[in-house]
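Build out the structure end to end from the sequences listed, making use of the hints.
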Amino acid sequence: MAKKHVTVEHLEYGRQDLDVEDKETLRTMSNEIPADQLAAKFEQAEARRIVRKVDLRLVPLLAFLFLIVQIDRTNIGNANIAGMPQDLHLTGPQFNLAVSIFFVPYALLEVPSNIVLKMLRPSIWISILCFSWGTVMTLMGIVSNRQGLYICRVFLGVFESGFFPAAMYLLTIWYQRYEVQRRMSVVFSSAALAGAFSGLLAYGIEHMEGIAGFGGWRWIFILEGLFPVAFSFFLYFILPDSPQTASFLTKPEREFLVNRVALQNSGYHNTYVTNTDKIQWRYIKAAFLEWKTWASIIPDLASTTGVYGFTATVPTVIQQLGYTSTNAQLMTIPIYLVATIATLLVGWLSDRLKQRTPFIMGCLSIAVIGFVAELAIPHPKFPGVTYFFLFFIAVGLFSPVTSIITLTANNVAPSSKRAVGMAIMLSLGNLGGVCGGNIYLAHQKPKYQTGFAVSLGFCVAGIIMAAVLRVAYRRENEKRDELLAREGEERVRAWYTDQELLEMGDRSPFFRYTL
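Numbering (this note's numbering), first residue to last: 12 to 526.
Only true hints are included.
Derived DSS-like pairs (lysine-lysine); straight-line CA-CA distance at most 27 Å:
hint : residue 1 : residue 2
1    : Lys-456   : Lys-392
2    : Lys-129   : Lys-64
3    : Lys-458   : Lys-392
4    : Lys-262   : Lys-64
5    : Lys-303   : Lys-365
6    : Lys-365   : Lys-64
7    : Lys-296   : Lys-490
8    : Lys-262   : Lys-129
9    : Lys-303   : Lys-490
10   : Lys-303   : Lys-129
11   : Lys-296   : Lys-129
12   : Lys-365   : Lys-490
With beta-carbon atoms standing in for the labels, derived distance ranges:
hint : residue 1 : residue 2 : range
13   : Ala-241   : Leu-131   : 19 to 27 Å
14   : Arg-293   : Glu-500   : 24 to 32 Å
15   : Arg-485   : Phe-259   : 37 to 45 Å
16   : Val-479   : Pro-345   : 33 to 41 Å
17   : Arg-293   : Pro-394   : 51 to 59 Å
18   : Ala-241   : Ile-475   : 41 to 49 Å
Please keep in mind that the hints were generated in silico from the structure rather than gathered at the bench. C-beta atoms are modelled at their ideal positions from N, C-alpha and C, and glycine is treated no differently.
What follows is the structure, encoded as structure tokens:
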């Protein structure tokens, strides 16, 4: 079979000239346009137009889906002050169990879910998940006892577990490494925005008390569950799977995007990344043995522990300051709106400056200030001051999440290892939901001394680990720079075959870590 000569940049081993068979051309989908000519075909303005086209199709859709997920996940906090404990005879510890039990299957199933994602089309898998979690949420509205609530929360965790790691991984195959966080931030900002929408929706739905004989809290679950069920049927047709198969793009646009992600800058060499490698056991094993994946869990745990405890209890904190249930719901909205803006700003700055760990440390430090203040303020003597520092907590907990995720996404390769590694980090980090649901004790409201103190400790640990990761990544980059300077790039490359370097991924001497 005829061969073509193309120049590509490998994520694992820098710029390299390769002779490859037409059917094996690494990043060219057709046999008509060589990769180097294809990259030069589009001018910068045209490139921006195509990326913007993807932005408008993919990012709002993922953000909207995550908004739905977060509303369905956290609306139990709104139901808690809308009459659910009275109707189901829930004590404080029983409510905490209902909150935290969700995270057991949620944490355990994120890795298997991302493995399935690599085997199936995302449009199929995510549509199935959307239909399933919507069905479970609807059923939560008709439970008659706490046992039924527990069962529904478990299955909600089962079906929601796959969406977020799938969405984050999906973005990494569409965008370059220093573009992806700002898109992740738009998607994740839905988590903060969901707090505002959830409070607003709960405020309206609560007034449906008595319709069809259902309490207002039941309508919160029913209406917020029926929507994703209906939307899942449309999702199958509108969610794009990959740049290679995107029907909303022309053939040249698809080829350009594939090459654009392939030919990206690692911070030292122009590099090449493949996103079409098949899932293999060796990559799964490598992801589980990767130390930086486990280290990244600490700052992620710091964020999730606080986020899930905070979102479940902040309406109660505000209510106990002397406000009505209705006003407490409404007063959560500004807090989440400010956190949304902060999340977007951090994502933009992090990509622009090509830095991750400084933003992780800085944001968690803001949360530390908020927790210290909440512990120090006598409740409910200064309601305005107490309310003010809730903004610090929300900003400090929500805004670093995408920096934590992107740090792992940028520094784990190849893509199968990255898919599993991201899922490991997110799944174990989400065990913070179990912790967060049990450290905010009902009998301590509105002070929540245990919850605030433990969350504070996690944030400090997260700051320390982010600093450790930064030092370790910088030292490894320096070692690889010294190796190339001492031995020469050509000589180092000669030590390995092309395939060996490709399979080494982030272990390659030509790979550079993002700090």
